[in-house]
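K.L.:
Each chain, written out:
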Amino acid sequence: GDSVTQMEGPVTLSEEAFLTINCTYTATGYPSLFWYVQYPGEGLQLLLKATKADDKGSNKGFEATYRKETTSFHLEKGSVQVSDSAVYFCVIGKRGYQKVTFGTGTKLQVIP
Amino acid sequence: DTAVSQTPKYLVTQMGNDKSIKCEQNLGHDTMYWYKQDSKKFLKIMFSYNNKELIINETVPNRFSPKSPDKAHLNLHINSLELGDSAVYFCASSQASGETTDTQYFGPGTRLTVL
Numbered sequence: 001g002d003s004v005t006q007m008e009g010p011v012t013l014s015e016e017a018f019l020t021i022n023c024t025y026t027a028t029g030y031p032s033l034f035w036y037v038q039y040p041g042e043g044l045q046l047l048l049k050a051t052k053a054d055d056k057g058s059n060k061g062f063e064a065t066y067r068k069e070t071t072s073f074h075l076e077k078g079s080v081q082v083s084d085s086a087v088y089f090c091v092i093g094k095r096g097y098q099k100v101t102f103g104t105g106t107k108l109q110v111i112p
Numbered sequence: 001d002t003a004v005s006q007t008p009k010y011l012v013t014q015m016g017n018d019k020s021i022k023c024e025q026n027l028g029h030d031t032m033y034w035y036k037q038d039s040k041k042f043l044k045i046m047f048s049y050n051n052k053e054l055i056i057n058e059t060v061p062n063r064f065s066p067k068s069p070d071k072a073h074l075n076l077h078i079n080s081l082e083l084g085d086s087a088v089y090f091c092a093s094s095q096a097s098g099e100t101t102d103t104q105y106f107g108p109g110t111r112l113t114v115l
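Keeping their order, the protein sequence lines are chains L and X.
Letter 91 of the first sequence, counting from 1, is numbered 91 in the working numbering, and no numbers are missing.
Letter 22 of the second sequence, counting from 1, is numbered 22 in the working numbering, and no numbers are missing.
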């Protein structure tokens with residue numbers, strides 16, 4: 001079956017540091033790829049997505065590129081802020097099928 | 001306006017009780033979901049309904065029963081609550097389409113504590 005592997009957290013960074021959260025997946029066909037973010041005490045919300053190979057999703061300074069050859073969708077941000085402290089989930093979804101598979105989540109803590 | 005709302009936000013109850021959580025979405029979506037998030041933030045899908053029809057039913061104890069009176073509402077009823085049911089339960093919705101997997105919109109969660 002489909003699966004998602006994310007790097008273990010927590011990740012602790014100083015403000016303005018560079019962020020990478022690794023995500024690799026196993027799936028048949030061409031899944032859609034997502035990053036969702038969960039701020040403390042809130043529900044999840046979409047951060048960015050990509051639906052085909054080499055697509056780059058971006059939002060709020062975060063980026064991730066759909067790499068089919070390496071089955072990866074790593075999340076990056078050039079300069080993190082304290083307000084980026086949250087749990088980040090890598091998610092895959094089969095085309096035409098509404099059930100998605102979540103990674104285990106990576107907690108990011110940014111310190112001033 | 002809240003897109004996906006859940007009530008209650010917090011629920012504290014004794015083992016053996018029966019409780020319900022309600023979810024409503026005003027996005028006009030066709031598909032709704034229930035997820036369970038454990039203390040380590042791991043998310044597990046429980047159920048999904050599309051236009052009031054059950055389409056996803058993961059391995060969940062029979063004590064959990066979803067009900068969708070219309071496509072804007074999906075409620076979760078839990079019988080004979082157990083300690084292991086303590087978690088945060090999230091409702092979500094999406095607009096099903098044939099080509100891609102659509103973005104899911106999540107409610108704020110219901111934190112259930114079973115004593």
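The set of hints was computed from the structure by calculation and includes no laboratory data.
Beta carbons: idealized from backbone N, C-alpha and C, even for Gly.
Errors might be hidden in some of the hints.
Stated by the list, open to error - Once the Cα atoms are required to be at most 27 Å apart in a straight line, the calculated BS3-like pairs of lysine-lysine come out as:
1. L:K60 x X:K41
2. L:K99 x X:K41
3. X:K9 x L:K52
4. L:K52 x X:K44
5. X:K19 x L:K94
6. X:K44 x L:K99
7. L:K99 x L:K68
8. L:K107 x X:K71
To be verified - These stretches of chain X come out as covered by chain L in the derived footprint (C-beta under 8 Å, 3 or more residues):
9. 14-25
10. 45-59
11. 68-76
Stated by the list, open to error - Reference excerpt, derived from the structure (chain L facing chain X, CB under 10 Å, subset only):
12. F34
13. Q38
14. G43
15. L44
16. T51
17. D84
18. V91
19. G93
20. K94
21. T101
22. F102
23. G105
24. L108
K.L.:
Next step is simple, just say for each hint if it's right about the structure.
P.N.:
Verification of the hints:
no.: 1; hint: L:K60 x X:K41; verdict: holds, 23 Å
no.: 2; hint: L:K99 x X:K41; verdict: holds, 19 Å
no.: 3; hint: X:K9 x L:K52; verdict: violated, 37 Å
no.: 4; hint: L:K52 x X:K44; verdict: holds, 25 Å
no.: 5; hint: X:K19 x L:K94; verdict: violated, 33 Å
no.: 6; hint: X:K44 x L:K99; verdict: holds, 11 Å
no.: 7; hint: L:K99 x L:K68; verdict: holds, 20 Å
no.: 8; hint: L:K107 x X:K71; verdict: violated, 34 Å
no.: 9; hint: 14-25; verdict: violated (count 0)
no.: 10; hint: 45-59; verdict: holds (count 5)
no.: 11; hint: 68-76; verdict: violated (count 0)
no.: 12; hint: F34; verdict: holds, 7 Å
no.: 13; hint: Q38; verdict: holds, 7 Å
no.: 14; hint: G43; verdict: holds, 4 Å
no.: 15; hint: L44; verdict: holds, 4 Å
no.: 16; hint: T51; verdict: holds, 5 Å
no.: 17; hint: D84; verdict: violated, 16 Å
no.: 18; hint: V91; verdict: holds, 9 Å
no.: 19; hint: G93; verdict: holds, 3 Å
no.: 20; hint: K94; verdict: holds, 7 Å
no.: 21; hint: T101; verdict: holds, 9 Å
no.: 22; hint: F102; verdict: holds, 5 Å
no.: 23; hint: G105; verdict: holds, 4 Å
no.: 24; hint: L108; verdict: violated, 12 Å
The structure fails hints 3, 5, 8, 9, 11, 17 and 24 (numbered hints given earlier, in ascending order).
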